[in-house]
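Colleague: Given next are the chains, with one letter for each unit.
2 protein chains.
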Amino acid sequence: MNLSDILAQIRAKDPFYSSGRILSSMVTTPNSVAVKAFYMFIDTNAGDYGVFKNLAKMEKYVIRKLSQILGCVSNECRGYIVSGGSEANFLSLWLLRNLALKMKNIRKPEIIVSPTVHYSILKAANALNIRVVYSKLNKHLKMDATSIQNLITKRTIAIVANAGSTELGFVDDLNSISKIAYENEVPIHVDAAYGGFILPFIKTVNFQGFRLESVYTITADPHKTLFTPVPSGGFFVKNRKILKYIRFAPKYLSRKPSETLTGTRSGGAIASVYAILRFVGLREIARMHRKCYKLALDFYGKIKRTGKFKTFGKPETPIVCFKPFDTDSRELIKALRRRGWIIYRCPVVDGLRVVFMPHVTKDVIGEFLDDLLEIV
Amino acid sequence: MNLSDILAQIRAKDPFYSSGRILSSMVTTPNSVAVKAFYMFIDTNAGDYGVFKNLAKMEKYVIRKLSQILGCVSNECRGYIVSGGSEANFLSLWLLRNLALKMKNIRKPEIIVSPTVHYSILKAANALNIRVVYSKLNKHLKMDATSIQNLITKRTIAIVANAGSTELGFVDDLNSISKIAYENEVPIHVDAAYGGFILPFIKTVNFQGFRLESVYTITADPHKTLFTPVPSGGFFVKNRKILKYIRFAPKYLSRKPSETLTGTRSGGAIASVYAILRFVGLREIARMHRKCYKLALDFYGKIKRTGKFKTFGKPETPIVCFKPFDTDSRELIKALRRRGWIIYRCPVVDGLRVVFMPHVTKDVIGEFLDDLLEIV
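Chains A and B, in that order, give the protein sequences. So in our numbering, spot 195 of the first sequence is number 195, and the numbers just go up one at a time. Each number in our numbering corresponds to the 1-based position in the second sequence with 1000 added.
Read the hints as simulated data drawn from the structure, not as lab findings. Predicted, not measured: the structure shown is a model, and the values here were computed from it. Warning: the hint list may mix true and false statements.
Said to hold, decoys possible - With a cut-off of at most 25 Å between alpha-carbon atoms, the simulated DSS-like pairs for lysine-lysine come out as follows:
hint, chain 1, residue 1, chain 2, residue 2
1, A, K60, B, K1013
2, B, K1302, A, K104
3, B, K1013, A, K53
4, A, K65, B, K1334
5, B, K1203, A, K53
6, A, K108, B, K1102
7, B, K1291, A, K154
8, A, K334, B, K1310
9, B, K1108, A, K102
10, A, K57, B, K1154
11, B, K1139, B, K1108
12, A, K57, B, K1013
13, A, K13, B, K1053
14, B, K1036, A, K13
15, A, K334, A, K302
16, B, K1104, A, K108
17, A, K108, B, K1057
18, B, K1053, A, K334
19, B, K1203, B, K1302
Claimed, not checked - Partial selection, computed: residues in chain B whose CB lies under 7 Å from chain A:
hint, residue
20, S1019
21, S1086
22, N1129
23, P1229
24, V1230
As the list claims (entries may be wrong) - Where chain B lies over chain A, by a calculated footprint (3+ residues, C-beta under 8 Å):
hint, region
25, 36-46
26, 52-65
27, 125-132
28, 148-159
29, 167-181
All C-beta atoms, glycine included, are put in the ideal place defined by N, C-alpha and C.
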């Protein structure tokens, strides 16, 4: 048996997204064009500007294009293709913490987050010595604006809002939050790791992103919804000037300093995003997202009509969370697992959730619905 | 022109390691077996234990084997394949900071580092609110033990030692440092990002690694010296119990919590390390490192004999740092660049350095020496 066969055999011990039965993931089989590009650039290091100058240009191009999708209307937006949403969230909070220390001398920083906050924000806050304050959820399961207003103190360095929360897929009301943030001179970090490259295409909500005055930083991950390989997360800032608060120069390099946590970085990741933009195109990406969203809406309607599940409002991204009236959610997840379905929880409402990535096709979701109704 | 050709054309705008003329890098063309494995697992996510259970087992296997190379003699060593040495250094300091807070109530933490410390440690210290204290260098350009002893305070949470410093390739005297650390009950973090998988094979120094009582954490990067693709860094702890200080559980997953900064992680990286261990083998890795080291020693001897350069002692890893007597180092680097050589500085001695990675062959280094002597 040759090496490829051996490796294929080992790989086959874990499931493939192409089976469709992974309903839990915000990652899917990477696009073949993106994989090709990753492979062609696998020997490059984006952290080494002295050697890979063209790669650095390619990253600039990619970041400019992606920033525009996220609402950037100036030439001042910057960012990096990083290891993932967790690093992007970390970099954003690190930057906003250092900015607040420098500009406002805030020494005991706090952030206001949603109860549906991604846990990477909590990790980052622990590392960065930032206190986490939870806002309430309103009846739409979004951050409650009055609650945010009440929680702002002189120590608040940022409000962290979701644009497509991991649990529910809902988008916090950035317009209202932005007004409060502006009045109180507090920056907003938008965790759009999942929704950043969906919302501008499916237009379920008017996602303003960087167009909002107080939005300083955004996380939006190509390896989730631009279908590039892991690791290709996205870290974006509206104004390049604030990057200096996390800028460090290696003494042994004479070139550009780093503004990421990592040093050596995957050049393949950058090339794969480039390939999506240049050779696949945003029209195709938009088509894929609209298709996923249509399936999600359809599923939402069907689930609701069965009368057997509590639902939580019309999906804003291709995620549907639901809670069985007569069965325990955890037990249901186990029963589904026995039938080969991998599905995770949306704990804030004690439900379960389906993420409609491109591998979750119409046929697959039909089978899933049959199994689901058979069990409950 | 098809996509591969277009991508190849873009890739060709930056240099290739295979040209040999990149003398600055600790990364080289990745091993083809490792690349194959990365590619076969490119659709996997090591952060998602619920889906990729076999991948998690593979990572355990890989970490166990690598820990043994780093001196682990128990079953308690753990770790992760992470985005790189910078993340591994960050995770180590984060862990040791949280440990010191919990066990000793240290609220204003300090670390003692070498003047040749890698800048990722400084980045991490900034993010983690750790004060950095610099030890002196002894005449061998290693951390001075007496100086370390004098700098230890009640706030010292770790001593950070180099095993193969980025600038000089030298290995700090871990035995002496370990004695001081033990007597003062201070943990050691060893930044062996570069040397961790070289020293046990070339045996220029008796690298004890985890065998030393006070060594709690080690950084050692497969993507440097096991020739796997970026991003595959290595984060190792001697005792799995202390991992809890950086453990965070995502609420929506029911599985194992994360002990890394990242959430979604490259499964390809893990598979590539696995492939090196299983299908290339440590004997071949050792052979490659010995070859590189032999070339480095040979170059060191030749440089010394010219009488035109100051040298800084026999290399302990395949890095040679030297300083021209009659030319400015920065000017020399520029002149070499004009002839197509990419070489970086060793600023602590105001010299320049050659890193002997496998792409720096005997022929290449002969040409380099000719050019170098022609210029000075």
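Colleague: Would you mind marking each hint as holding or not holding in the structure?
Modeller: Now for the hints, and whether the structure bears them out:
1. Taking the CA atoms of K60(A) and K1013(B), the gap is about 16 Å. The hint holds against a cut of 25 Å.
2. A hinted pair counts as satisfied when its Cα atoms are at most 25 Å apart, and K1302(B) with K104(A) does not qualify at roughly 57 Å.
3. As the CA atoms of K1013(B) and K53(A) are separated by approximately 8 Å, the hinted pair is consistent with the 25 Å bound.
4. Only pairs whose Cα atoms come within 25 Å are accepted, and K65(A) paired with K1334(B) is rejected, the gap being roughly 34 Å.
5. At most 25 Å may separate the alpha-carbon atoms for a hinted pair to count; K1203(B) and K53(A) exceed this at roughly 36 Å.
6. Annotation: proposed proximity of K108(A) to K1102(B) holds, straight-line Cα distance about 19 Å (limit 25 Å).
7. For the proposed pair K1291(B) and K154(A), the alpha carbon gap of about 60 Å is over 25 Å, so the pair is violated.
8. For a cut-off of 25 Å, the pair hint linking K334(A) to K1310(B) is broken: about 68 Å separates their Cα positions.
9. Between K1108(B) and K102(A), the direct Cα distance comes to roughly 19 Å. Compliance with the 25 Å bound is thereby established for this hinted pair.
10. A C-alpha spacing of about 47 Å is found between K57(A) and K1154(B), which places the hinted pair above 25 Å, so the restraint is violated.
11. Among the hinted pairs, K1139(B) with K1108(B) is inconsistent with the structure: their alpha-carbon atoms are about 32 Å apart, more than 25 Å.
12. Distance restraint check for K57(A) and K1013(B): the Cα-Cα separation of roughly 11 Å lies within the 25 Å cut-off, and the hinted pair is therefore satisfied.
13. Of the supplied pair hints, the one linking K13(A) and K1053(B) holds, its CA atoms being roughly 8 Å apart against a limit of 25 Å.
14. For the hint linking K1036(B) to K13(A), the alpha-carbon distance of about 17 Å falls within 25 Å, and the restraint holds.
15. Simply put, K334(A) and K302(A) have alpha-carbon atoms about 22 Å apart, close enough for the 25 Å limit, and the pair holds.
16. The suggested pairing of K1104(B) with K108(A) holds, with an alpha-carbon distance near 21 Å, which does not exceed 25 Å.
17. Between K108(A) and K1057(B) the CA atoms are separated by roughly 41 Å; this puts the pair beyond 25 Å, and the hint is violated.
18. Between the alpha carbons of K1053(B) and K334(A) the distance comes to roughly 16 Å, so the proposed pair stays at or under 25 Å and holds.
19. A distance of roughly 22 Å separates the Cα atoms of K1203(B) and K1302(B); the hinted pair therefore holds under the 25 Å criterion.
20. Because the smallest distance between the Cβ of S1019(B) and any Cβ of chain A comes to about 11 Å, over 7 Å, the interface hint for this residue is violated.
21. Because the beta carbon of S1086(B) sits about 4 Å from the nearest beta carbon in chain A, less than 7 Å, this interface hint is met.
22. Hint on N1129(B) holds. Least Cβ distance to chain A is approximately 5 Å, under the 7 Å limit.
23. Because the closest C-beta pair between P1229(B) and chain A is about 5 Å apart, less than 7 Å, the hint holds.
24. Interface hint at V1230(B): satisfied, since its Cβ lies 5 Å from the closest Cβ of chain A, which is below the 7 Å cut-off.
25. Counting residues of the region 36-46 of chain A whose CB falls under 8 Å from any CB of chain B gives 10; the rule of at least 3 is met.
26. Counting residues of the region 52-65 of chain A whose C-beta sits closer than 8 Å to any C-beta of chain B gives 5, which meets the bar of three, so the coverage hint holds.
27. For the region 125-132 of chain A, the assignment as covered by chain B holds, since 4 residues bring a beta-carbon within under 8 Å of that chain's beta-carbons and 3 suffice.
28. A stretch counts as covered by a chain when three or more of its residues have a beta carbon under 8 Å from one of that chain; for the region 148-159 of chain A and chain B the count is 0, and the coverage is violated.
29. Only residues whose C-beta sits within less than 8 Å of a C-beta in chain B count toward coverage, and the region 167-181 of chain A has 1 of them, not enough to reach three; the restraint is violated.
Hint compliance for this structure: hints 2, 4, 5, 7, 8, 10, 11, 17, 20, 28 and 29 are not met, and every other hint is.
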